[in-house]
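Visitor: Each chain, letter by letter, is given below.
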Amino acid sequence: MMDSIEGFVNVILGLLFTPQIFVPLVYPGLLTAAVMAIVIIWLERKVAAKVQLRYGPLYVTKRMGGVTQLVADLIKFFFAEVIVPRDVDKLPFKLGPALLLTFSLLPVVALPVSGQFEAFRSDATLFLAVALLSVGPIYVIIVGWASNNKFALIGGLREGYLLVCYELPVFISALAMAVLYGSLDLVELVRMQGPGLWGALLNPFAAVSFLVATFMSTSRFPFEIAEAESEIVMGPYTEYSGICYGLCMAYSYIKLYVKSILFALVFLGGWLPTVWPFTLDPTLPGLIVAFKAAAVMLVGVFLRAVYPRYRIDQALQIGWRPLFALSTASLVWSLFMVGVKVGGWV
Amino acid sequence: MRLGLPDIKAHVRASETALKYLTAKPRITVPYPEALLELPQGYRGMVKLNVETCISCTQCARICPSNAIKMHKRERKRLPGINYQRCIFCGFCVDICPVIALEFTDVHDLAFHTLPEHLFEPEGFAKGPPPPHVARGTRKVRTEIDEVRGFKYE
Amino acid sequence: MSSSGVAEDLKRGLEGLLVQVREDARGGITVEVLPDRLVEAAERLRNLGFDHVKSVTGIDLPSEKRVAVVYHLSSYTNPAYVKVIVALRTAVERSNPQLPSLSKVWLSSHYLERETFDLVGVVFQGHPDLGRILLPDDYEGPPPLRKDVVLKTEGIDA
Amino acid sequence: MTLEVVEKHLELLIGPQHPGSGHMRLVAKLDGDIIVGFDPDVGFVHRAVEKIAETKGYVQIIPLVERPPLVDCVNVNLGYVLALEKLLGVEPPPQASYLRVLAAELNRVASHLYGIAIHAIMIGSSTMFMWPLADREVLLELLQDLSGARVTYSYVIPGGVRRGLPEGFKEKALKAFRYLRRRLRDYDDLFLSNPVTVNRLRGVGVIEMRDAVNLGIVGPNLRASGVPYDVRRAEPYCVYSDLDFEVMTRREGDAYSRLLVRIGEIEQSMKIVEQCLDKNPSGPILHESFLRGLSPKARAYMEQTGRVRFPALFSALKPPQGEVSVRVEAGRGELFFYVVSDGSPTPYRLRMVTPSFRNLAAFRHVMVGNRLADIPAIYGSLDYFPPEADR
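Chains as they are written, first to last, in the working numbering: chain S, 9 to 354; chain C, 8 to 161; chain X, 565 to 722; chain L, 71 to 461.
For the record, the hints were derived by calculation from the structure and aren't laboratory data. Take these hints with a grain of salt, some might be off.
Calculated lysine-lysine pairs in the BS3-like style (CA-CA distance at most 25 angstroms, straight line) [stated by the list, open to error]:
#, chain 1, residue 1, chain 2, residue 2
1, L, Lys-121, X, Lys-629
2, X, Lys-716, L, Lys-367
3, S, Lys-58, L, Lys-245
4, L, Lys-245, C, Lys-27
5, C, Lys-159, S, Lys-58
6, S, Lys-158, L, Lys-78
7, L, Lys-349, L, Lys-121
8, L, Lys-349, L, Lys-245
9, C, Lys-159, S, Lys-70
10, L, Lys-367, C, Lys-134
11, S, Lys-84, S, Lys-70
12, L, Lys-367, C, Lys-55
13, L, Lys-240, C, Lys-159
14, L, Lys-341, L, Lys-242
Work the whole structure out from these sequences, hints included.
Guide: The following block contains the structure:
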């Protein structure tokens, strides 16, 4: 009997630790994403509070500075009534939040966080990750439309406008890096950054435009435009309540998390500098990536304490002019660097 | 949308300023249940009646802008009672009393279990407001204006 | 300029309009005008340099069966009149309180007249947007600042 | 094929339950992102101050008029009492006048900080929302020392003020001002010079000088449009004629200049308070005619504590028949009182025109042609306070 239980546990553990399950469910997938989101939201509130001469969340686990406040909030969200207004388009309204979250998390399957432990191997993971990331916002527009609320509609439209203007710099700067390192495979990309030649150093233009576009796409200040509270209440999510609202809120943080990992891989050297023999085990490399991603996220949430928000037309101008120009310049810069290398001028 | 050098400088300066506060000490919030602000001298808190001094002149009830003070008939004289549902803490009653029978206390905790408890008849008015419930481990702090931090609580 | 100088100005400027220019002991200047001359008086005052309305006040006078309407005028731009406030006063029948609107003369009287309509019940003819403003749209009953609306007061005894 | 005619404009009802509306409803008509029609719907917090005043004694009205513009109550208190004193023919002693100005200016700073905070959160800056509100505490602390209350001071009374300067007040105030000046530099770095703020506010919601005059708007909003009108200069009351300060004026008339005028006025107000503290003459703080009505015990108390006792007269003050109009410069602009007395203990008619109600006229004019996102930016820049407007 004991044997069979032990055997069962072993089978489950074995299954859990197969990359195809571990990656989407545990790390860097769902579980880590949830923990990261909780910690980052807490940090965001703590950082903003400190800058603003306040304490921030404190009384839920006071000794740890209130870090479990977000767990309490999550439980509250679970038990709050989900109100579906009479006049909404019910199916997309109910499915929307789940799909939002799914598509913001899905790209993790394409992110190798340790070099050898990965869900599947492809030589176009960078492309796949960026492409999957651009699906989520479409559901923002859909929930905005389905909500049958003027504020939600305006919020959805704003997201729609922004989508076009931030995805382009993301794609072009990712392309610039692919050109620079001559590969679309993230593992290869990280390996190429080996001798300290991190992407952010080789091509800072691409790094900056990718980062700004990331903040734009995850509703960080000063680009928190689709949900601008004092203008359009909560944008596309105005009609949501309970856990459905919780999912919508989590969406932008999860997306920030995924994009930060991507940024860490492409521009911050991924799991480098890890030296043999630590490269044999995926744990340390994974932690390094998580740490770098957390640092990027922290920058993103810190901006809340610094900025007001731009107007939609100004954000679009930023997206289409400086950001687009910068990402294009980064592509040119990459071509130049590759030319230097190939020509052997140095 | 310009993005010249001065703008970048301004962006950096804004972020620097916020960062400065991230590491600096000031906090204006009083961590309330742990620290309790002491009300300063001369604070216009809840009011207490001195029955012996009162001469039943009714001035306090007459000047009360919100009709919170009413005169109650007692055996020997008419005495004021106060309704804290209405009181707006202007302190006019205290200031007009010709014999200084009313005085401010340093209590401003208007929390009662029931509505009738808000009404202090002369007897209760004379006893003064009940001392507020204070959580265990609460320390009383005084506010002091500080040049760097705005407030110091000690 | 002394306030009496202003009073002289006003008398000159409003000549022929059957107005009364009074100056009280506290230095207040009041121009009293009949309702049918109000607009013309206002236009002349504006041309004199009184460029805005500070207040429109309706005063219910049941004993005279009238409602007095007072416009307090002054100037931002004319240095001679910045220091003075002139009350342009007229009165209408209490039962039929109709008055031409001055919002075309002074844009600044727009909301003030609307408020007076709302609370005192003076109807300003020609006002572009005369409607309830402070009271709820479905308010019924006499205008609250009329004297026949009496608020209950309490005594000093418990 | 038939074409259906659809309405091109979107009517958006912002408020009264909207995070950016305050206690009012903003009805905006939008063509795409552009506002083509705008109508503020006010009155949600109307509390009939003018009517209630007709049932109250003259001194009892002091807390009543204070309530609507809560964050700016010394100035309103002062305006009303000046009207009352004009009716009574009473002049306060010099020290009382200085203390009045001192309290009024401290309150003006607090009021401006409040307005700036609300303006900042309306364009999304949470830090600039918290900072001025936190620093406002410092001023509330000073005013609490002075008057004994945190928000509703009822400090100014006919014939004087209720309390003299407490011990150590000057040092405390100077310390607070050094702190505030340091903070104003941080405000500048974090918010005022922040490119995002500048982009959001500059050139937005422009009120030309001519329009500002025609609309009859008041206060910092008027001065930001280039009209150097300030009651403290135009018709100085109390001791303003003896004090040195600048009337902050700008020409642009946009949301940003309105913000800067407020920031500038904070500096000027601190300057005024410093002068008051320097000049502050000694002497009584209540008019002698009221002092005469006090019992010996009350007078001894006053000597001892520096706190005024009211004469019995205050509960039934009967000014002579007549009418007065008084204006003062409150935090948000010119405040106008018109009091008609029939000789009874209650006013026959009390007219109170608050700056916010005057500024209401600006809304329709200034919003049209701007974008949806500009509504809170402009609304905040006008420092409109619905309870003050609705009274």
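Visitor: Are the Cα positions of L:Lys-121 and X:Lys-629 separated by 25 angstroms at most?
Guide: holds, 20 angstroms
Visitor: So if I understand the rule, the pair passes when the alpha-carbon distance is 25 angstroms or less; does L:Lys-240 with C:Lys-159 pass?
Guide: Since the Cα atoms of L:Lys-240 and C:Lys-159 sit roughly 18 angstroms apart, the hinted pair holds (cutoff 25 angstroms).
Visitor: Straight-line Cα separation of L:Lys-349 and L:Lys-121 no greater than 25 angstroms?
Guide: With a Cα-Cα distance of about 40 angstroms, the restraint between L:Lys-349 and L:Lys-121 is violated, given a limit of 25 angstroms.
Visitor: CA of L:Lys-367 to CA of C:Lys-55, is that 25 angstroms or under?
Guide: holds, 19 angstroms
Visitor: For the pair we were handed, S:Lys-158 and L:Lys-78, check the Cα-Cα distance against 25 angstroms.
Guide: Holds. S:Lys-158 to L:Lys-78 sits at ~14 angstroms (cutoff 25 angstroms).
Visitor: Check the hint pairing S:Lys-58 with L:Lys-245 against an upper bound of 25 angstroms on the C-alpha distance.
Guide: This hinted pair holds, its Cα atoms lying about 23 angstroms apart.
Visitor: Starting from L:Lys-349, check that the Cα of L:Lys-245 is at most 25 angstroms away, please.
Guide: holds, 18 angstroms
Visitor: Are the Cα positions of C:Lys-159 and S:Lys-70 separated by 25 angstroms at most?
Guide: holds, 23 angstroms
Visitor: Verify the proposed pairing of X:Lys-716 with L:Lys-367, using a straight-line Cα cut of 25 angstroms.
Guide: Status violated; Cα separation ~37 angstroms.
Visitor: Given the hint that L:Lys-341 pairs with L:Lys-242, does the C-alpha gap stay at or below 25 angstroms?
Guide: With a Cα-Cα distance of about 15 angstroms, the restraint between L:Lys-341 and L:Lys-242 holds, given a limit of 25 angstroms.
Visitor: Given the proposed pairing of L:Lys-245 with C:Lys-27, does the C-alpha separation stay at or below 25 angstroms?
Guide: holds, 21 angstroms
Visitor: For the pair supplied as a hint, C:Lys-159 and S:Lys-58, is the alpha-carbon distance within the 25 angstroms limit?
Guide: holds, 16 angstroms
Checked against the numbered hints above, the structure violates hints 2, 7; every other hint is satisfied.
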